[in-house]
Amino acid sequence: MTANGGSVLELRDFRVTFPTHFGDVMAVRGVDVDVAEGELLGVVGESGSGKSVTFLGLMGLLPRSARIEGSARIGGFELVGAPKKVINRVRGKRVAMIFQDPLSALNPVHRIGDQIVEMILSHQQMGKKAAWEKSVELLDIVGIPQPRERASQYPHEFSGGMRQRVMIAMAIANDPEVLIADEPTTALDVTVQAQILDVLQRIRQEMRTAVVLITHDLGVIARIADRVQVMYAGRVAERGDIGPIFAHPTHPYTQGLLNSIPALGRERLTPIPGAPPNMLQPPSGCAFRVRCPHAIDACAGDLPELRQLGDLATACIRAEELTALRSVS
Amino acid sequence: MVRFVVRRLIWAVPTILIVTFLVYVAIRIGTDPVASYLRSNQRASEAKVQEYIEQNGLYEGFGGYVKGYFQWLGGFLTGDWPHSIKGNQPVWPNLKDAMANTLRLGIIASLVGISIGLVFGVLAALKPGSLRDGGINTTALVMLSIPPFISAILLQMLFGVYTQRWFPDASWLHLPVAGVYPPGHQGFDPVLMAKHLILPVTVVAIQTVAIYSRYMRSSLLETLNSDYLRTARAKGISERRVLVRHAMRNAMLPIVTLAAIEFGALLGGLIITERIFSYPGLGDYFLTAYSNGDFPELMPWMVFVVIAVIVFNLLADLSYARLDPRIRLD
Amino acid sequence: MTDLLPSIATAPVEFVPETVPTAESEGLAKSISPRRMALKRFLSHKPAVICTVILAMMVLFVVLSPLTARYGVNEAIFPTTAERSNRYISPSSEAWFGTDEIGRDLYSRLIYGTQVSLQIGLATAVIAVFIGTAVGAYAAMRGGFFDDVLMRVTDIFIAFPFLVALLVIRNMLGEVPWLEPILGERTSIRFVIFLLAVLVWTTVARVVRGQVLALKEREFIEASRAVGASNFRIVTRHLLPNSIGPILVALTFTVVLAIIAEATLSFFGFGPQLGSGATSLGNLVATSKENVLSGHWWMVIFPCVTLLLLALTINFVGDGLRDATDPKLQRGGGRA
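Residue numbers (my numbering), protein chains in the order written: chain L, 1 to 329; chain W, 1 to 330; chain P, 1 to 336.
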């Protein structure tokens, strides 16, 4: 599923475990990811699905106690197990990340311009003045009016949407190959959301940056994603291009997600019953089986692997069966 | 910013006036200046007593108090201070010396406390939950729990009696336990002065080191857990830079404020330590004046303490406004 | 199960799970009440636990004075004779902590004295917490002018040198004639308790005010109001119970403050002077001042160490309580 020969970002059997008072929390239990140049991958899941932890883990931003296993490569370069100095050279330069709450994510006592300059100067050789000019330019690119004056201001003088734009400007400062956006619109108003998504879209198109958009909001995915990856309980449930995922999802969890969106013509809301699993002791086999209307005994067996089914990759062992049933009725 | 300063200054003036008035009333009621005068000058004639009352504005009744306050205030501001009750001495020279001594003690102890305390606070915060952290916390709490006069008494006993007995030859251990200089010493000798300062500074520093290390630890911990640190790390800058430019820079904010307030409180708070070490500072000055009921000596002291407290609180607020851009406009 | 349902992708589904999910089957952790969690946290704080034990032992020891003291508080261990004076005997089998200037057993006097000081400390703390909580909660709820005034007043109170305020207020309280029947003589325990309480309640008020202010805006308070609860009810049934943590901590710290303040007062001879030789810990510590240079080390060491131990253990218990009840002070794991 890669375009232009080869993924820019590639994760294989990625695992993250947190040792706690009560035992090991297995937040991510074997996840594969592929993102190609200029592609926008939407990663969807509930809280606790491991969607954020996966990418925080590859960036090396998890607490020291977290155990990371598997492989995570940027343009072929392995990040798991790499020494700190090496990771620092990659972070901010080849892969950048923006976070959910732009107010707390920006240092309140440094000027915006200085914070972007810091990003630039840690990876590029440049004079201070040149770096300042570049940061003004970046603010302009992300659509901040009067960028020169704004660059001398402090985070609290910006609105939420503007702050997120600033974060994006900072993230693209060194022209990274991959931009990871962790719930960038969750804390924003709906109208502002659309603007931010447009900015991300533009960046993806003009700079050919691979973008990973993590969210729990399917509406956001529907708007700009090329491909979608659905995560549940630390594993990938289903994966594919955006069209097929929305049109004929094969995994009951994806179906449940789509069903729970309020829509015209639907008389009642149908949420997915139950609650996300406790990652200290996730259910055996397919973790979704305790909430799944189609679960059978075999679902409690081995961990289901992703397999190709038509234009989708699914982890439900009954996928063909259920599709057949559906077409019958 | 300037408006902020000006507004605070304008507020400070009536506050000082009100507080000094309250203090005036409290001291007059509490020490009964007339009786004190009579105690110290038992053979004073009626006329003398009356003159004393006039000079100090010691009128009775509420109206009298107010009148007396303003009379005193007028005299105070013009530099026309009445002489002390005991010995009829001018007040300012003693007060000046006392201030110098206490300032010396206070500044040195603060510097020691801040530098050592901050280092320990940082060390503790960098490895929270570790043995190092627990050890520093426990030590700080122990140090805080030792009331200053207990440590003063114990240290005085140790160095005044026992080092001589146990280590008669190690003269460097026989630290002086009283005064600014050995009795009868004339002139200025910084080394001797320093020797005499060692024990009092230690007693005060025990408290200040503990206070600053605890404050630094909690401030730095809070900073270390904030989101913008994660953003900083995501930029790929070195861990050292993250710690200094982001964590420490933000953690120091409340420390500066604390330092201002603590120092303001320090000046009047060394009373017992000074008494035990016979150190002629502001605290000792107060005790002597108070036990003599010496009204002319007490009032200037009170005023200076009140002003110091208010000024330092103001400085604390100002520094916070200056350093934290979120509080610029007020 | 396979026959349960037809179309999946489009039509909404009424789903009945096969088994009713219980807490265990869903893999959720068993719920613990906040009180239990606080207790657990406190118990994991080793220094605090050790100090609680030591403190409890000390208090017990002192309270059981009929069993633990060897002599009366004003009783010389033996009458002075020509061959042997009973003054200033260094610690021996007859007097474990030595004797004082009129031959009384320091060990027993220390026990009685600590009793008195503990009484003073506890009483002061209870009164101060009572007043401070009431005023602080009221100020937080009321807001406005009253709150401003309270903050200003406590600001000044707190910043003023403690000892100065202590001495000045002591004198003032002593001079006001109509207060005397209530407060008693200036040298009585009652007076000292009230004096200390007057000075200390401001710190408690600030703590409670802060806590109530923080809680006031929380949703569960809004919910109570929406149901029509009166302010008084909100304070007593919701805000105060949720502030127990900081109030308890404030209580322990005021006990220490009071005990040390009593010692400070005694240092200047303004402490409680109980008749017939009775004494307080503060008094004993104060007399040690005169004995520093005279070589009667036991007169200094034992009272000072006792006061120290008391202050230390209570502070540690208070610190442990604070850690146990304040969710913000987590011992976090460092970030990578």
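Derived from the structure by calculation, the hints contain no laboratory data.
Quick reminder that beta carbons are idealized off the backbone N, C-alpha and C, glycines included.
Hints may contain errors.
Here are the computed lysine-lysine pairs in the DSS-like style, where the Cα-Cα straight-line distance is at most 30 Å [stated by the list, open to error]:
| hint | chain 1 | residue 1 | chain 2 | residue 2 |
| --- | --- | --- | --- | --- |
| 1 | L | Lys85 | L | Lys134 |
| 2 | W | Lys96 | P | Lys40 |
| 3 | W | Lys96 | W | Lys195 |
| 4 | P | Lys40 | W | Lys127 |
Taking beta-carbon pairs under 8 Å as the criterion, some of the chain L residues facing chain W (in silico) [as the list claims (entries may be wrong)]:
| hint | residue |
| --- | --- |
| 5 | Val86 |
| 6 | Arg89 |
| 7 | Val90 |
| 8 | Phe99 |
| 9 | Ser104 |
| 10 | Ala105 |
| 11 | Leu106 |
| 12 | Pro108 |
| 13 | Met119 |
| 14 | Arg150 |
| 15 | His156 |
| 16 | Phe158 |
| 17 | Asp189 |
| 18 | Val192 |
Example chain W residues on the side facing chain P (calculated, C-beta under 7 Å, incomplete) [as the list claims (entries may be wrong)]:
| hint | residue |
| --- | --- |
| 19 | Pro93 |
| 20 | Gly135 |
| 21 | Thr138 |
| 22 | Met143 |
| 23 | Ser145 |
| 24 | Pro148 |
| 25 | Leu158 |
> If you take the shortest Cβ to Cβ gap from Val90 (chain L) to chain W, is it below 8 Å?
Replying inline: holds (7 Å)
> Given the hint that Lys85 (chain L) pairs with Lys134 (chain L), does the C-alpha gap stay at or below 30 Å?
Replying inline: holds (26 Å)
> Given the proposed pairing of Lys96 (chain W) with Lys40 (chain P), does the C-alpha separation stay at or below 30 Å?
Replying inline: This hinted pair is violated, its Cα atoms lying about 55 Å apart.
>> Given Leu106 (chain L) as an interface hint, is its Cβ closer than 8 Å to any Cβ of chain W?
In response: holds (6 Å)
> Given Pro93 (chain W) as an interface hint, is the shortest Cβ-Cβ distance to chain P below 7 Å?
Replying inline: Violated: closest Cβ of chain P sits about 22 Å from Pro93 (chain W), beyond 7 Å.
>> Would the hint linking Lys40 (chain P) and Lys127 (chain W) be met if the CA-CA limit is 30 Å?
In response: holds (23 Å)
> Does Phe99 (chain L) pass the interface check with chain W, least Cβ-Cβ distance below 8 Å?
Replying inline: holds (7 Å)
>> For the restraint on Asp189 (chain L), tell me whether the closest CB of chain W is nearer than 8 Å.
In response: Violated - the Cβ of Asp189 (chain L) stays beyond 8 Å from chain W, reaching only about 20 Å at its closest.
>> Does Lys195 (chain W) sit within 30 Å of Lys96 (chain W), going by the straight-line distance between their CA atoms?
In response: holds (22 Å)
>> Min Cβ distance, Pro108 (chain L) to chain W: is it shorter than 8 Å?
In response: Status holds, d = 6 Å.
> Hey, does the His156 (chain L) contact hint survive, CB to chain W under 8 Å?
Replying inline: holds (5 Å)
>> Is the interface hint satisfied for Val86 (chain L)? The criterion is a beta-carbon contact with chain W at less than 8 Å.
In response: violated (10 Å)
Of the numbered hints stated above, those contradicted by the structure are hints 2, 5, 14, 16, 17, 18, 19, 20, 22, 24 and 25, listed in ascending order.
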